[in-house]
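Colleague: Turn these sequences into a full structure, and let the hints steer you where they fit.
Residue numbers (full-length UniProt numbering), protein chains in the order written: chain L, 1 to 510; chain B, 1 to 397.
Errors might be hidden in some of the hints.
To be verified - Here are some, though not all, of the chain L residues that point toward chain B, as calculated from beta-carbon distances under 7 angstroms: (1) S42; (2) A101; (3) D106; (4) S220; (5) P257; (6) E309; (7) G345.
Hints were generated in silico from the structure; no laboratory data involved.
Positions of the beta carbon are idealized from the N, C-alpha and C atoms, including for glycine.
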Amino acid sequence: MSDTLSVVAVAIVCVTTVVVGGLGLRLSRRTSDFYVAGRTVSPRLNASAISGEYLSAASFLGVAGLIYDQGVDLLWLPVGYTLGYLVLLVMVAAPMRRSGAYTLPDFAEARLGSVFVRRLAALLVVAIGWMYLVPQFQGAGLALALVTGAPQWVGALLVAVVVAAAVGAGGMRSITFVQAMQYWIKLTCLAVPAFVLLALWLRSGAGLPSVSDAWSLPFSPKSPDDHPHYRTASMMLALCLGTMGLPHVLVRYYTNPDGVAARRTTVSVVALLGVFYLLPPVYAVLGRVHLPSLPAGVRSDTIVLQLPERVVSGLGGDVLTAMLAGGAFAALLSTASGLAMSVTGVLHQELLRPQLSRLTGGDAFGFGGFRLAAVGAVVVPFVVARYVEQIGIATTVGFAFSLAAATFAPLLMLGVWWRRLSRVGAVAGLVVGAVAATSAALTTFVAGPLDGWPGALLANPAAWCTPLAFATAVVVSLATPASVPRDTARVMVRLHTPEQVHLARSRVPD
Amino acid sequence: MTASFHVPTAVVVAGAMLLLGLGVWAAGRGRRRGFLSTVDRVTYSTLHTASLASRHLADGLTPEAAERAGRHLLAILGASSVAICDASGLLSWTGPGDHHAPDAHGHASESRTSGAPSVLGSDAITCSDPDCPVRAAVTAPLIADERVVGTLTAYAPAASAGLARATGELARWVSAELDVAELGRARTRAMEAELRALRAQISPHFIYNSLGAIASFVRTDPERARELLLEFADFTRYSLRQGGPFTTLAEELRNVERYLVLEQARFGERLQVSLLIAPEVLPVRIPYLAVQPLVENAVRHGLASKEGVGHVTISASDQGGEAEISVDDDGVGTSPESVQRILDGVSRADSIGLGNVDARLRQIYGDDFGLVVETAEGAGTRVSFRVPKYAPGVHAE
Numbered sequence: 001m002s003d004t005l006s007v008v009a010v011a012i013v014c015v016t017t018v019v020v021g022g023l024g025l026r027l028s029r030r031t032s033d034f035y036v037a038g039r040t041v042s043p044r045l046n047a048s049a050i051s052g053e054y055l056s057a058a059s060f061l062g063v064a065g066l067i068y069d070q071g072v073d074l075l076w077l078p079v080g081y082t083l084g085y086l087v088l089l090v091m092v093a094a095p096m097r098r099s100g101a102y103t104l105p106d107f108a109e110a111r112l113g114s115v116f117v118r119r120l121a122a123l124l125v126v127a128i129g130w131m132y133l134v135p136q137f138q139g140a141g142l143a144l145a146l147v148t149g150a151p152q153w154v155g156a157l158l159v160a161v162v163v164a165a166a167v168g169a170g171g172m173r174s175i176t177f178v179q180a181m182q183y184w185i186k187l188t189c190l191a192v193p194a195f196v197l198l199a200l201w202l203r204s205g206a207g208l209p210s211v212s213d214a215w216s217l218p219f220s221p222k223s224p225d226d227h228p229h230y231r232t233a234s235m236m237l238a239l240c241l242g243t244m245g246l247p248h249v250l251v252r253y254y255t256n257p258d259g260v261a262a263r264r265t266t267v268s269v270v271a272l273l274g275v276f277y278l279l280p281p282v283y284a285v286l287g288r289v290h291l292p293s294l295p296a297g298v299r300s301d302t303i304v305l306q307l308p309e310r311v312v313s314g315l316g317g318d319v320l321t322a323m324l325a326g327g328a329f330a331a332l333l334s335t336a337s338g339l340a341m342s343v344t345g346v347l348h349q350e351l352l353r354p355q356l357s358r359l360t361g362g363d364a365f366g367f368g369g370f371r372l373a374a375v376g377a378v379v380v381p382f383v384v385a386r387y388v389e390q391i392g393i394a395t396t397v398g399f400a401f402s403l404a405a406a407t408f409a410p411l412l413m414l415g416v417w418w419r420r421l422s423r424v425g426a427v428a429g430l431v432v433g434a435v436a437a438t439s440a441a442l443t444t445f446v447a448g449p450l451d452g453w454p455g456a457l458l459a460n461p462a463a464w465c466t467p468l469a470f471a472t473a474v475v476v477s478l479a480t481p482a483s484v485p486r487d488t489a490r491v492m493v494r495l496h497t498p499e500q501v502h503l504a505r506s507r508v509p510d
Numbered sequence: 001m002t003a004s005f006h007v008p009t010a011v012v013v014a015g016a017m018l019l020l021g022l023g024v025w026a027a028g029r030g031r032r033r034g035f036l037s038t039v040d041r042v043t044y045s046t047l048h049t050a051s052l053a054s055r056h057l058a059d060g061l062t063p064e065a066a067e068r069a070g071r072h073l074l075a076i077l078g079a080s081s082v083a084i085c086d087a088s089g090l091l092s093w094t095g096p097g098d099h100h101a102p103d104a105h106g107h108a109s110e111s112r113t114s115g116a117p118s119v120l121g122s123d124a125i126t127c128s129d130p131d132c133p134v135r136a137a138v139t140a141p142l143i144a145d146e147r148v149v150g151t152l153t154a155y156a157p158a159a160s161a162g163l164a165r166a167t168g169e170l171a172r173w174v175s176a177e178l179d180v181a182e183l184g185r186a187r188t189r190a191m192e193a194e195l196r197a198l199r200a201q202i203s204p205h206f207i208y209n210s211l212g213a214i215a216s217f218v219r220t221d222p223e224r225a226r227e228l229l230l231e232f233a234d235f236t237r238y239s240l241r242q243g244g245p246f247t248t249l250a251e252e253l254r255n256v257e258r259y260l261v262l263e264q265a266r267f268g269e270r271l272q273v274s275l276l277i278a279p280e281v282l283p284v285r286i287p288y289l290a291v292q293p294l295v296e297n298a299v300r301h302g303l304a305s306k307e308g309v310g311h312v313t314i315s316a317s318d319q320g321g322e323a324e325i326s327v328d329d330d331g332v333g334t335s336p337e338s339v340q341r342i343l344d345g346v347s348r349a350d351s352i353g354l355g356n357v358d359a360r361l362r363q364i365y366g367d368d369f370g371l372v373v374e375t376a377e378g379a380g381t382r383v384s385f386r387v388p389k390y391a392p393g394v395h396a397e
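Modeller: Written out as structure tokens, the structure is:
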């Protein structure tokens with residue numbers, strides 16, 4: 001096997017992450033001229049950074065595996081991952097930026113003026129972050145197990161340690177430039193092998209793969225009691241509405257100087273993701289050509305990593321495998337550290353710092369609490385990942401998106417667009433959505449995939465959880481007009497007024 | 001699928017967590033209950049009610065405050081209804097019998113003019129409803145700043161000596177709370193005045209020196225003199241503007257740039273400036289004129305009294321939910337004690353707004369976010385502060 005080269009590639013990626021995390025600020029340029037305005041992060045750079053952080057193990061490995069396994073229906077998956085940003089662009093990007101909020105709990109507090117809603121949102125950020133970290137650790141285990149033959153927990157542990165170290169060292173704090181590089185690294189690592197494999201396939205004249213009708217026809221049931229239409233629709237809803245609730249995505253919007261830049265950034269993100277997601281289907285089809293059936297016990301998530309050595313023998317195959325393994329680890333580390341950073345920030349600010357300063361009389365500042373929070377942010381999903389190994393990466397990611405869609409989508413969309421949202425209504429919507437989506441995920445984790453309608457509803461809960469949460473928030477808000485925040489009108493004006501319109505009460509006239 | 005999911009372990013873990021949670025909850029409750037006599041319990045509950053009312057009175061005598069505080073005052077008095085009036089009319093009526101509310105201001109008129117408690121019996125308060133508990137009224141004046149600002153009237157089926165005493169004492173307590181509220185408002189006004197003072201406070205030395213430097217270029221390099229004059233105009237416009245109290249770090253740094261261009265016209269090569277700015281923090285909102293005074297301080301105290309080249313470094317870094325901004329110079333430094341005096345507001349000599357920036361930061365973000373000054377004689381100075389990226393109520397412009 002191509003052990004050595006792949007191990008080297010993974011090692012390089014890990015070491016770079018830790019070093020960059022440790023050095024942190026030292027990467028910013030030293031300069032003696034000002035031109036501060038020209039130095040703000042441009043929408044394109046920020047878009048690369050958002051894409052770099054967003055493209056995770058699920059995108060790199062899971063999407064190709066799912067298409068390989070289940071056929072053309074899953075082509076919707078890359079579409080959905082991208083479409084989420086379109087919804088974000090139209091519905092919330094600019095108003096969210098104008099609200100001045102840095103995190104989702106900040107937005108909840110800015111819009112509803114309630115510390116309780118803030119706490120609830122913070123709790124959900126932690127839940128979504130943990131749920132999204134689980135598949136990252138799973139992916140790490142898979143990737144390392146395949147290229148080196150190590151047990152699955154080794155890869156997960158490696159990523160957990162690297163991420164905890166990088167975050168705890170105080171690095172990985174919105175280093176826009178580094179995350180932007182990550183996007184281009186991932187794209188290269190996925191694109192170069194893809195083109196090599198494509199060229200070899202064309203030259204060999206192997207022809208189209210022979211696949212079953214269930215694979216190539218849209219909406220064909222995989223089992224007698226399958227519901228492909230519902231499954232696909234629910235998944236799309238989760239991806240479309242869930243993207244706006246991912247904690248590590250929205251913090252990057254703060255870097256944009258204004259709402260217009262936020263919108264430009266989102267447009268660029270859609271373009272960058274669109275390019276990236278052209279590639280996983282290529283791997284899926286090539287997988288069907290070269291590996292018509294997988295050996296027993298091998299998961300379809302590993303299809304991307306298996307292809308090169310099946311097609312190219314000798315050093316060439318090793319190099320391509322090493323490239324893909326390195327790219328997969330880069331994807332894992334950047335997403336995992338972004339998520340861990342968000343979760344750590346929330347754990348530290350909402351939970352640990354108040355407690356620590358109460359215990360020590362206000363003296364406990366500095367880094368102790370932050371490091372503790374970083375360890376906590378990583379340990380919980382690591383342990384969970386050990387228990388739910390049998391569930392596919394993209395499925396677990398789907399649950400994180402469903403939870404985000406059922407909780408933050410109603411809060412953000414109603415918060416931005418509906419004046420009569422009351423505090424009680426927002427809380428009711430968050431609680432109902434969270435309980436519904438979490439119980440669906442837990443049932444699937446514990447009891448395994450079920451058959452028929454219960455199975456379909458539980459495995460893809462977004463289609464019923466999200467409308468339920470929206471309806472709850474609306475009905476309860478209408479029933480409790482007294483708890484509509486008093487400054488709603490003022491906040492709405494600030495969220496929706498373009499920056500070109502000066503709202504200042506008085507300025508020095510020009 | 002549960003091959004790797006060990007159900008008994010999960011059940012045990014979940015059970016242990018639940019028990020732990022219950023234990024913590026029970027411990028918390030036990031501490032709160034304790035063993036109390038009836039008198040103690042009544043005293044504590046009265047104090048608790050009073051503390052609830054006092055929170056609402058912190059804004060002064062407004063209809064909302066009176067409405068909310070009225071509920072708690074009624075609970076303390078044990079009367080059937082309570083009315084709070086100010087000099088011009090009724091602010092709130094709490095309790096049954098609100099068909100008397102339009103008369104409440106009239107009921108209180110005697111007390112309002114005399115400044116002493118007054119009692120009205122059933123002869124003055126008539127009611128056609130036999131079940132109405134409003135038969136007698138005890139009114140006590142609310143006195144703040146030695147003026148009658150309002151009245152507190154307790155209504156009951158009959159006036160008693162106890163009710164009169166309770167109403168009088170309660171009115172005196174409310175008056176004290178109103179005094180405290182007035183004090184708080186005065187403090188805010190003083191802070192605002194101080195902020196206005198800082199805005200207007202471009203140091204006279206700076207104006208004089210800048211104009212002198214510009215004048216020296218008028219003959220030799222008229223183009224440069226013109227540019228400097230325009231910078232000077234922009235600087236004064238920013239510093240004297242009448243907008244809101246916040247701006248973005250990018251705007252503030254742009255003003256620092258203008259300031260440094262003018263200072264460099266005077267110091268020439270002697271003043272070296274370097275910047276270390278993480279672009280991510282440029283959109284962060286900071287109090288207006290929070291960085292410029294620190295840079296001015298570094299230039300004046302760090303460099304002006306020193307021979308040779310002086311370096312000033314301005315850096316801003318991203319710390320997750322916060323941004324840290326610092327200004328370093330390698331000048332002559334000063335003793336920590338004198339900095340302490342400046343920050344405490346004891347000594348005002350020559351400290352361009354350091355104490356003021358510190359006070360404003362603490363007022364806006366809390367005591368964790370004041371200025372941090374690291375200095376010693378001959379060792380240069382580093383002044384830094386942190387601002388949260390998001391704080392409720394903080395918006396640019």
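Colleague: It remains to establish, for every hint, whether it holds in the given structure.
Modeller: Status of the hints after comparison with the structure:
Checking S42 (chain L) against chain B by beta carbon gives a least distance of about 9 angstroms; that is not within 7 angstroms, so the hint is violated. Given hint, A101 (chain L) at the interface with chain B, holds; its Cβ is 5 angstroms from that chain's nearest Cβ, closer than 7 angstroms. Interface hint at D106 (chain L): satisfied, since its Cβ lies 4 angstroms from the closest Cβ of chain B, which is below the 7 angstroms cut-off. Restraint check, S220 (chain L) versus chain B: the minimum CB separation of about 24 angstroms is more than 7 angstroms; hint violated.
Of the supplied interface hints, the one on P257 (chain L) holds, with its beta-carbon coming within about 5 angstroms of a beta-carbon of chain B, less than 7 angstroms. Checking E309 (chain L) against chain B by beta carbon gives a least distance of about 28 angstroms; that is not within 7 angstroms, so the hint is violated. The closest approach between the C-beta of G345 (chain L) and any C-beta of chain B is roughly 5 angstroms, which is under the 7 angstroms cut-off, so the hint is satisfied.
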